[in-house]
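A.B. asks: Chain by chain, the residues:
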Amino acid sequence: MSIHNEALKRSGHSSGKHAPAPHPVALETSELTVAYGSFLAVRGVSLSVRRNSIHSIIGPNGAGKTTLFHALTGRVRPSAGSIRLDDKDISHTRDDDRVRLGIARSFQVTSLFPNLSVQENLRLASQGRTPWQALAPWRSINHNKEAMATAGEVMERLSLTQVAGRAAGELSHGQQRRLEVGMALAARPRVILMDEPTSGMGVDDIEAMKELIRSLAADHTVIFVEHNMGIVMNISDTVTVMRAGQKLVEGTPAEIRDDPEVRRAYLGNMITGDIA
Amino acid sequence: MSIALQVENLNTFYGKSHILQGIGLEVREGEIVALLGRNGAGKSTTLKSVCGALRPAQGAIRFRGKDIAGWPAFRAAQEGLLLVPEDRGIFGLLTVEENLRISQRKGSPWSLKDIYRMFPRLEERRRNNGGQLSGGEQQMLSIARALLNHPRLLMLDEPVEGLAPVIVDEIVNQVLEIKQRGIPILIVEQNLAVCAKIADRNYIIELGKIAYHADAVTFANDDEARDRYLGVKAD
Amino acid sequence: MTYLFQIFNGIGIGMLYFLLAVGLSVIFGLLQFVNFAHGAFYLLGAYFTYDLVERGYSFWVAMPLAAIMVMALAALTEIVLLRRIYKLPHTFHILVTVGLALIIQEMTIIVWGPLGGNVPPPEGLNGVIIVGDFIYPEYRLFVIAFTAVLAVGLWWVLEGTRIGAIVRAGSESSENTALLGYNTLRINSAVFGLGAGLAGLAGALAAPIRGVEPFMGLEALGIAFVVVVIGGMGSYTGALLAGILVGVTQSVMASLWPEGARLMIYLGMALVIVAMPRGLLGRA
Amino acid sequence: MKTINNPIFHFFLAALTVVCLPLFLRSGVLASEILIFGLAVAACNLLLGFTGLLSFGQGIFFGVGSYVAGILLTRYQIPVPLMLLLSVVLGALIAVAVGWLSIRRQGVYFVMLTLAFSQFFFFLAYSFSGLTGGDNGILDVPRPVIAGFDFTNLWSYYWFVAVIFLAVFALMLRTTQSTFGRTLSAIRENEARASAVGFPVRAFKIAAFAISGAVTALAGALHAMLIGVAPLSSIEYHTSEIILIMTIIGGSGNLFASLLGAGTYMLLADVLSTIWPRWLLLLGVALIVVALFMQRGLWGLIETLVSHITATSKRTPNAATERPLHRQADGGKA
Amino acid sequence: ASEAITVGIPVPISGPFAANGKFASLGGILAAEEASREFGRQVKTLDLDTEGKPATAVRKVQDAFDNNGIKLYAGGILSSESLAMGKEALRRNGVFITTAGADEITGTDCNAATFRWSVPTYGAIEQTVRPLVDMLPDAKRWYTITPQYVFGDGLLNVAKDIFKEKGIEHVGNSYHSLTEKEFSGYLTNAIAARPDVLLILNFGSQSSDTLRQAVSFGLKNRMTILVAWASGLEQFEALGPDICEGVYFGAQYWHGVDTPGNQALVKSVRERFDLTPNYSLAGSYILTKLLVDAAVKAGSIDGDKVAAELRGKTYEGLTGEETIRAQDNQVIKDYYLLKGKAKKDMADKDDFAEIVSQGKSFLSPEDAGCKMG
Ligand SMILES: Nc1ncnc2c1ncn2[C@@H]1O[C@H](COP(=O)(O)OP(=O)(O)OP(=O)(O)O)[C@@H](O)[C@H]1O
Ligand SMILES: Nc1ncnc2c1ncn2[C@@H]1O[C@H](COP(=O)(O)OP(=O)(O)OP(=O)(O)O)[C@@H](O)[C@H]1O
Ligand SMILES: CC(C)C[C@H](N)C(=O)O
Ligand SMILES: [Mg+2]
Ligand SMILES: [Mg+2]
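Protein chains in written order, with our numbering: chain A, 1 to 276; chain B, 1 to 235; chain C, 1 to 284; chain D, 1 to 334; chain E, 1 to 373.
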């Protein structure tokens with residue numbers, strides 16, 4: 001219980017700081033549907049994510065969480081419904097354009113440039129906000145000072161500075177996972193989406209990641225998918241539970257924990273402890 | 001009771017990440033052993049390493065008296081060590097019946113008739129393509145295939161994952177029936193209720209190592225262990 | 001009326017194209033492997049037939065024997081060489097099979113000389129059928145019938161038998177096929193042998209029509225690619241449809257705008273890929 | 001290991017090669033052809049090694065360049081520098097068109113599409129024989145005389161080619177070291193991530209095609225002047241195939257490797273073809289050997305040797321240059 | 001003995017035309033050996049593999065100029081490579097002599113350094129179509145199959161002129177590309193046009209394919225077939241007597257030609273190589289011989305001197321008396337109309353055909369379009 005209160009306190013604090021924001025809602029979907037062939041992986045999901053809140057999405061495997069992320073970032077095309085970012089309809093915007101509008105993500109399955117250095121990975125991620133500059137074959141890679149600076153900051157923040165020159169593919173799994181999150185940060189997005197940021201991380205890394213995500217909310221809107229209930233229940237402002245492509249329920253962590261439907265669909269019987 | 005499967009010091013890597021770090025476990029004839037652990041702990045990796053779908057870097061695997069470490073998956077399968085994988089491994093472009101037919105092996109105690117009696121739903125849908133089945137039906141098909149394939153030990157990876165409770169019940173019953181027929185089972189399951197209902201013994205994997213091991217009764221009463229390893233709060 | 005004949009003739013050409021291409025398609029479907037040596041196996045099929053017939057064997061012995069020899073040789077190649085490179089990128093598939101094609105082609109020249117040769121149509125099939133104005137060689141008629149029977153038979157094997165089901169299962173997921181106790185390595189060799197054997201058979205059947213010469217493989221490869229790409233890689237019916245389509249286009253263009261026939265075929269191929277990513281009947 | 005991957009060092013190696021070729025080769029044609037194909041192969045490498053695009057259509061651009069030289073120099077008396085510029089522009093334009101259509105597909109389908117276009121352009125050139133001379137090609141393509149400098153002699157023409165080669169090679173090195181080049185590498189390594197990070201991947205691929213087409217066309221134009229003909233065979237599938245083979249033999253992802261690949265192939269072909277008419281058989285064996293044992297090409301071999309000799313820093317994993325291609329392979333499976 | 005003479009033999013030794021190159025190489029060797037004996041000085045040939053590609057051909061020739069100091073070249077099987085090499089010979093003050101087909105070689109693209117032994121398209125048609133028209137007065141309907149490029153069009157246009165002159169109905173033509181291998185579509189067209197004569201105007205393996213398929217369609221029994229530009233013995237060998245029987249062929253050379261020069265050649269080729277000379281071998285032989293003789297006579301291997309020696313020369317060649325016309329460097333020689341023999345009538349394994357007629361027909365250099373600078 002105490003953890004939960006703390007989370008509420010923190011979120012109250014941060015939203016207070018940014019009270020005058022023009023749109024209280026950073027990202028919104030309405031009746032979003034994604035089809036893979038004839039199979040509907042996401043069906044009519046309406047989601048509303050408050051600015052600078054931490055919004056987590058949970059649900060059984062195959063519930064459509066990653067697919068929902070794909071739709072939000074433009075990797076897959078929704079077959080119906082719409083997505084609004086700060087009141088701007090971005091349903092038909094290409095994925096790379098959405099980065100410029102302020103959405104960035106990390107992937108569930110680590111997706112880096114394995115032969116490029118950590119710094120180069122982050123520099124590219126940062127450069128992605130001004131991609132057309134990169135089309136000039138005469139510009140040296142050190143040209144974009146801002147991108148270099150961002151890369152440096154992100155490495156600092158994720159304690160990757162020591163490995164700045166190493167190829168991303170040579171990092172340990174935990175470091176790769178951190179870099180994966182860093183790739184999203186480097187784009188300096190307003191809305192950051194993280195798909196299972198702690199999967200594959202060691203216990204101490206998980207704790208650090210938890211703190212990182214918490215701190216991100218100061219200047220980002222954070223949406224993340226997690227199976228680690230320790231994190232979800234501790235730092236989320238809102239939790240959305242998905243099942244079979246649909247939104248099952250949504251609420252505060254406390255509400256979710258007590259929802260019988262969620263227990264049955266996701267948290268399972270085990271949480272009640274009624275072992276037969 | 002004699003030992004059907006014995007695994008010692010199993011180490012497996014994905015590229016450079018060391019996933020299994022010295023797993024050891026055993027399955028005796030006629031029992032159901034459950035393998036528990038959080039997401040990503042290495043449960044599926046253990047099953048795949050045992051049956052040869054993944055190649056362990058190190059470790060001994062004895063199955064019915066043979067050292068099968070390093071065997072390719074098809075040979076392990078021919079020995080009767082059958083994995084029903086997480087993703088169920090259905091051939092989506094083959095019909096249900098084709099899926100079953102290519103799994104049929106001489107000498108299996110189960111025949112197509114038996115299967116259709118066990119899972120009448122499959123008979124109804126036998127002309128459909130595997131890809132058109134619902135998740136539960138696919139799970140039935142996957143188990144059915146393993147049975148036709150003359151199993152001597154069955155490894156089930158989260159067989160009731162994502163299934164509706166009724167179907168879970170049905171599958172649980174079938175699993176128990178398979179056990180009755182004398183086939184030992186190694187099962188990975190997140191659902192503790194299911195485990196409790198069927199498992200004789202439990203192992204818990206954490207970060208690629210066996211962190212806990214107990215028989216069913218002990219485990220049922222070990223609130224602390226369940227809390228610690230599985231994040232299950234006993235209210 | 002001519003067009004009717006042209007269409008019929010085109011179907012005849014198309015059936016051979018189908019036979020030539022279907023092996024490539026099957027190999028691609030199962031092994032995700034682009035085989036630039038496919039034409040070389042066709043070449044071998046033709047030359048084996050030629051050689052056997054020259055040695056005095058009947059065509060009816062030579063033709064199946066040639067196909068079987070090609071099949072065996074291809075399976076051996078798969079075991080010795082190709083299975084080592086499946087996991088490598090396409091670049092290396094291309095490199096190795098182009099190399100293989102060169103080796104086979106040059107060996108052909110070394111063994112049989114640079115000049116081509118002639119394979120007479122088998123006794124009893126060397127006449128023509130005359131229907132009004134339309135003349136058609138009996139042998140070509142036989143090829144159509146034979147290929148049609150073979151197409152049905154092959155279709156039945158792939159779609160109707162347990163072995164076919166295993167092959168199709170393997171092309172969906174070799175991992176899951178192995179979990180059922182099948183030696184996927186052996187299945188791969190067999191399928192590669194089958195695919196190449198079909199090319200060899202196409203070569204054997206084509207020999208009495210085309211004669212043999214050391215560079216017929218290159219030409220065949222070009223046609224096989226076009227057919228497979230238009231029909232959809234890995235698709236059996238796609239290969240049949242596209243083979244006939246290409247054959248008919250070619251034949252009808254002979255009346256309409258002969259010098260542009262090839263241009264049309266390649267343009268068509270480009271259009272099909274751009275518009276229909278998987279070809280006409282390719283599966284995702 | 002650090003120095004041997006340094007671009008300035010690569011330029012130095014290229015310059016050294018340019019200076020040394022006349023010392024070791026008696027044949028001015030062969031030397032010029034090595035540099036010319038070095039350009040074409042480097043351009044192919046820009047696609048294969050840096051962007052991860054296996055193009056079977058490079059012969060299109062080579063042929064186009066060759067025809068531009070043939071047509072403009074024999075029928076319109078256009079000055080050579082202007083002609084070269086036009087060939088570059090036309091090569092880029094056609095490459096944009098081919099690239100735009102081809103990159104809609106990935107993996108094997110991309111390869112097949114470039115193959116189809118290469119055949120298509122061949123038959124186009126064949127059919128429009130009024131423009132291209134058809135099978136006879138365009139004859140009497142002159143070598144340049146620019147500002148009083150006479151490059152009609154073979155060796156003086158070599159130096160003409162050499163200057164252009166070094167200039168373009170330097171520009172291409174610069175390109176691969178630029179933000180643009182790095183972004184291409186990023187696309188090759190992980191296209192999905194590059195897109196997710198905000199790069200309009202298609203625009204970058206088309207730009208890479210444009211550069212590649214421009215440089216290849218330039219090579220084609222230089223080649224036509226070298227041999228005095230713009231032949232139909234320049235635009236043949238075979239030209240595409242050879243350029244690709246040279247690229248892989250040299251080693252992808254490294255521009256000097258391209259010169260190495262072109263040089264080795266041409267010298268080997270030159271020697272082998274005189275000793276045995278069936279030399280293509282040996283070529284076939286060589287290709288298989290490269291695929292089995294030298295997947296990073298000659299350059300990879302050199303790198304390995306150097307690292308064995310110095311044996312200081314630890315070896316980069318062998319998979320390094322293969323990985324991006326793997327991804328392309330997966331694209332075909334989708 | 002004075003210094004050695006080396007003749008370059010630039011022919012396709014690898015690639016699809018390798019067969020021609022192989023025989024051409026032998027012809028050159030034979031001529032060089034004979035010349036060595038005759039002139040008591042070393043005469044050699046150097047094979048240059050053109051791979052059938054103009055670019056490679058020119059590169060090899062350039063190299064031979066630079067590295068081997070060779071100025072005399074006898075070869076070029078394909079028109080495209082021959083045209084390109086002829087230009088190079090002129091640039092470098094060499095001499096190039098060829099047997100290739102394209103009219104441009106001694107026509108619009110003629111030059112002082114390029115000579116040609118083979119009869120151009122005009123003579124090939126004049127000496128095949130015209131005699132056949134005369135022999136078959138009832139055959140009034142002709143159908144043509146033509147490859148779509150300059151060579152094919154050259155043949156076709158001459159044929160059309162004869163048709164017009166003789167009042168023959170040209171009932172149809174099928175153009176096809178140089179890469180075509182499947183002719184059944186064209187044959188179906190031809191059958192529908194009900195011609196009396198099928199005139200096949202392509203060459204090499206394409207004419208073999210066309211003829212083979214035409215025979216399988218039973219055309220031989222319904223019409224007369226004429227292959228205007230056959231490659232000679234090797235084509236008969238590839239096709240076999242069953243297909244060739246009764247078919248007419250036009251040829252630049254036939255080993256059965258009854259001239260002293262040819263009889264000597266056939267004899268020495270049989271002795272030296274155990275072969276019967278075909279067009280590639282014989283052509284290369286005479287080309288090399290012409291070059292060496294001229295060089296010896298000129299006392300130099302410089303292109304202009306050798307060329308001057310060749311120009312206007314009349315000599316006893318393989319086809320009888322041959323003259324090198326000075327205005328366009330074209331050799332004036334006979335072209336042959338052959339008719340395929342039945343297997344049972346063949347005297348030996350190479351006796352595939354009888355000579356039906358022969359003769360010389362050439363356009364004037366002006367009509368051929370040759371303006372030598
Ligand atoms: N490319 C695809 N084509 C077809 N079906 C797909 C594809 N990708 C995902 N699916 C299906 O869509 C459904 C939702 O997948 P998704 O990856 O969104 O699940 P998820 O909620 O992220 O699950 P997890 O917790 O396992 O990551 C699954 O049933 C999956 O099999
Ligand atoms: N193909 C792969 N490549 C790299 N890492 C992998 C791969 N598959 C799994 N892993 C990693 O191996 C670890 C163990 O995975 P495994 O699938 O065995 O977990 P699990 O215990 O079965 O989890 P779950 O309950 O989610 O099924 C995870 O950290 C996962 O990220
Ligand atoms: C028959 C050959 C001498 C014709 C020649 N090959 C040409 O290209 O035209
Ligand atoms: Mg997911
Ligand atoms: Mg698992």
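Certain hints may be false.
[Said to hold, decoys possible] Below, in silico cross-link-like pairs of lysine to aspartate or glutamate (DMTMM-like), each with a Cα-Cα straight-line distance of 25 Å or less: (1) B:Lys66 <-> B:Asp87; (2) B:Lys197 <-> A:Glu261; (3) B:Lys209 <-> B:Glu170; (4) B:Lys179 <-> B:Glu31; (5) A:Lys210 <-> B:Asp227; (6) E:Lys371 <-> D:Asp270; (7) A:Lys210 <-> B:Glu224; (8) E:Lys160 <-> E:Glu366; (9) B:Lys106 <-> B:Glu177; (10) E:Lys220 <-> C:Asp133; (11) E:Lys343 <-> C:Glu175; (12) E:Lys349 <-> E:Asp258; (13) E:Lys140 <-> C:Asp51; (14) C:Lys87 <-> A:Glu261; (15) B:Lys209 <-> A:Glu261; (16) E:Lys343 <-> C:Asp133; (17) E:Lys344 <-> C:Asp51; (18) E:Lys371 <-> E:Asp302; (19) B:Lys106 <-> C:Glu175; (20) E:Lys344 <-> C:Glu123; (21) E:Lys349 <-> C:Glu54; (22) C:Lys87 <-> B:Asp87; (23) E:Lys349 <-> C:Asp51.
Simulated from the structure, these hints should not be mistaken for lab results.
Just so it is clear, the structure is predicted and the values come from calculations on it, not from any experiment.
A.B. asks: Decide, hint by hint, whether the structure agrees.
C.D. replies: Okay, the hints, checked on the actual structure:
no. : hint                  : in the structure
1   : B:Lys66 <-> B:Asp87   : violated, 28 Å
2   : B:Lys197 <-> A:Glu261 : holds, 22 Å
3   : B:Lys209 <-> B:Glu170 : violated, 32 Å
4   : B:Lys179 <-> B:Glu31  : holds, 7 Å
5   : A:Lys210 <-> B:Asp227 : holds, 20 Å
6   : E:Lys371 <-> D:Asp270 : violated, 36 Å
7   : A:Lys210 <-> B:Glu224 : holds, 24 Å
8   : E:Lys160 <-> E:Glu366 : holds, 21 Å
9   : B:Lys106 <-> B:Glu177 : holds, 21 Å
10  : E:Lys220 <-> C:Asp133 : holds, 15 Å
11  : E:Lys343 <-> C:Glu175 : violated, 61 Å
12  : E:Lys349 <-> E:Asp258 : holds, 18 Å
13  : E:Lys140 <-> C:Asp51  : violated, 42 Å
14  : C:Lys87 <-> A:Glu261  : violated, 46 Å
15  : B:Lys209 <-> A:Glu261 : violated, 33 Å
16  : E:Lys343 <-> C:Asp133 : violated, 31 Å
17  : E:Lys344 <-> C:Asp51  : holds, 23 Å
18  : E:Lys371 <-> E:Asp302 : holds, 22 Å
19  : B:Lys106 <-> C:Glu175 : holds, 22 Å
20  : E:Lys344 <-> C:Glu123 : holds, 19 Å
21  : E:Lys349 <-> C:Glu54  : holds, 15 Å
22  : C:Lys87 <-> B:Asp87   : holds, 23 Å
23  : E:Lys349 <-> C:Asp51  : holds, 19 Å
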